[in-house]
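*Asks:* If you read the protein sequences in the order shown, they are chains C and H. Using this note's numbering, count along the first sequence one by one with no gaps and you end on 270. Using this note's numbering, count along the second sequence one by one with no gaps and you end on 270.
In case anyone wonders, no lab produced these hints; they're calculated from the structure. Keep in mind it's a predicted model, so treat the numbers as computed, not measured. Certain hints may be false.
Note that the list lumps identical chains together, so a pair holds whenever it fits in one copy or between two copies.
As the list claims (entries may be wrong) - Straight-line distance between alpha carbons at most 30 Å, and here's what the computed DSS-like set of lysine-lysine pairs gives:
| hint | residue 1 | residue 2 |
| --- | --- | --- |
| 1 | K174 | K150 |
| 2 | K150 | K110 |
| 3 | K110 | K219 |
| 4 | K208 | K228 |
| 5 | K257 | K208 |
| 6 | K118 | K150 |
| 7 | K150 | K257 |
As a plain string of letters, each chain reads:
Number of protein chains: 2
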Amino acid sequence: MRFPLPLVIFSILLIFFPLDSFSRRTPFFEILIRSLPISDGGEDIGGEDVGSSSTDAYCNSWMYSVETNNIGTWATIPIICQSFVEDYMNGPRYLSDSKVVASYSLAFAKDVFIGGGKDAWIFDADETLISNLQYYAENGYGSEIFNETKWNEWVVLSAATALPASLELYNDLKSLGFKIMILTGRGEGQRELTQKNLNNAGYSGWEKLILRGEGDGGKTAVMYKSEKRAMLESEGYTIHGSSGDQWSDLSGSPTAKRSFKLPNPMYYIA
Amino acid sequence: MRFPLPLVIFSILLIFFPLDSFSRRTPFFEILIRSLPISDGGEDIGGEDVGSSSTDAYCNSWMYSVETNNIGTWATIPIICQSFVEDYMNGPRYLSDSKVVASYSLAFAKDVFIGGGKDAWIFDADETLISNLQYYAENGYGSEIFNETKWNEWVVLSAATALPASLELYNDLKSLGFKIMILTGRGEGQRELTQKNLNNAGYSGWEKLILRGEGDGGKTAVMYKSEKRAMLESEGYTIHGSSGDQWSDLSGSPTAKRSFKLPNPMYYIA
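Chain C with its partners taken away, still in its complex shape (with noise of 0.2 Å):
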């Protein structure tokens, strides 16, 4: 097997330099606090003065550049934002975001023409159709650096619930005659359970689930999601639509006719 030059050297500098080192080694969001109006002291940053109009203020923007990509790589979200990002996630936000993103996917996919039972369209499963969230609220909200351990334990409950508004697209999306792909970061070794949890919540009948295989272990998402919409492509698929919560799920060549940005301000995968 071969790797490309750069992943080699991406991988050798991970072992000196995890990504979550980067929240540690760089005072990234610290510079962003100092330069922003917070707070007039300082002291009244966290504990109950968290929701404070000055830190909404703050966190509304980190979410902002977060959601347009703005930001870059970043492991954590700024500890003053958690209760922002558990607000927006639990509140009606999250929901409205969520809807006006599926109902200009719809009006998009009404608009396709459909024949030969070759068009595609993509959907990522985490917090794309199914919602982490009992598992986020339970480990602050994105501002813990990932756990695998814990992350698995998760998993292995099949508990994740549907997006409301991605269900209702999904089954719309059927209706028409879309092929459902779902493309998804996790491995083949939680086939079975992510099987099992999408139908827990809802879906079925989608034409291929497809999880990282053993090839794809050192893979960025954006390379490995980006080689299988091209072999869905070399399998004569149209990739119409694509709908994830990551940039990763959606950029990359090739990419789909029209991708959809679903909100996601817990996590961020490169």
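Please arrange chain H on chain C, whose structure you already have, making use of the hints.
*Replies:* Quick look at chain H alone, frame taken from chain C:
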């Protein structure tokens, strides 16, 4: 001169289906509005009720989809969101969102190794370096179809003001040693006026000011701007960063190493 076939087909289609007809032809926002809990009855949409919390909720989510490029081509803002856009553009959130984008841009820029005089940063002009808010305030904040005559009269005034976070970033990047490229969709015919306006707003010392030339007439912004990035690379420049308020400022091949999307809920350029 040769034109690629898709462009020719697109141009012919435009004769019969001008862009602004989309908003008339497709009851797009109507579909959305009906699908969302904006009002209980219907008679409370518009007028003094525009500022109601359900309209704001919808317009917030609409703006989420604008900024994440989920909407695709659009000609005007939803009329019920005019007050929302007015409040956003004139309020603290626009400043705060822009400031956070600039902070992330500068944090990235500070980690770039500068040497050899070919380290470039690209800025778009309108709604990136300079603000045409006065023009849009007088023309419905994006609720009216673009009027080229009125726009050109505004350009003659050279009265667009600096976006404060962008002016600071611009000067910081210049100090760091970046060569600043201003890449605008304005035409060569407006070169003098654009220079004058940029100077009036406090900008100086750019490396190149690139405007649409004669050969760029029929090109989309993505095509035109991608070609200019390719040209800069062929001249030996490394494009580290690119800042723009439109996705068409940033996407297309080649891209900058990092792209930064500034907010603009008022208009869309393909």
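*Asks:* Now tell me if each hint is right for this structure.
*Replies:* Status of the hints after comparison with the structure:
no.	hint	in the structure
1	K174 - K150	neither (34 Å within a copy, 46 Å between copies)
2	K150 - K110	neither (41 Å within a copy, 36 Å between copies)
3	K110 - K219	between (34 Å within a copy, 28 Å between copies)
4	K208 - K228	within (11 Å within a copy, 40 Å between copies)
5	K257 - K208	within (19 Å within a copy, 34 Å between copies)
6	K118 - K150	neither (38 Å within a copy, 47 Å between copies)
7	K150 - K257	neither (36 Å within a copy, 34 Å between copies)
Checked against the numbered hints above, the structure breaks hints 1, 2, 6 and 7 and satisfies the rest.
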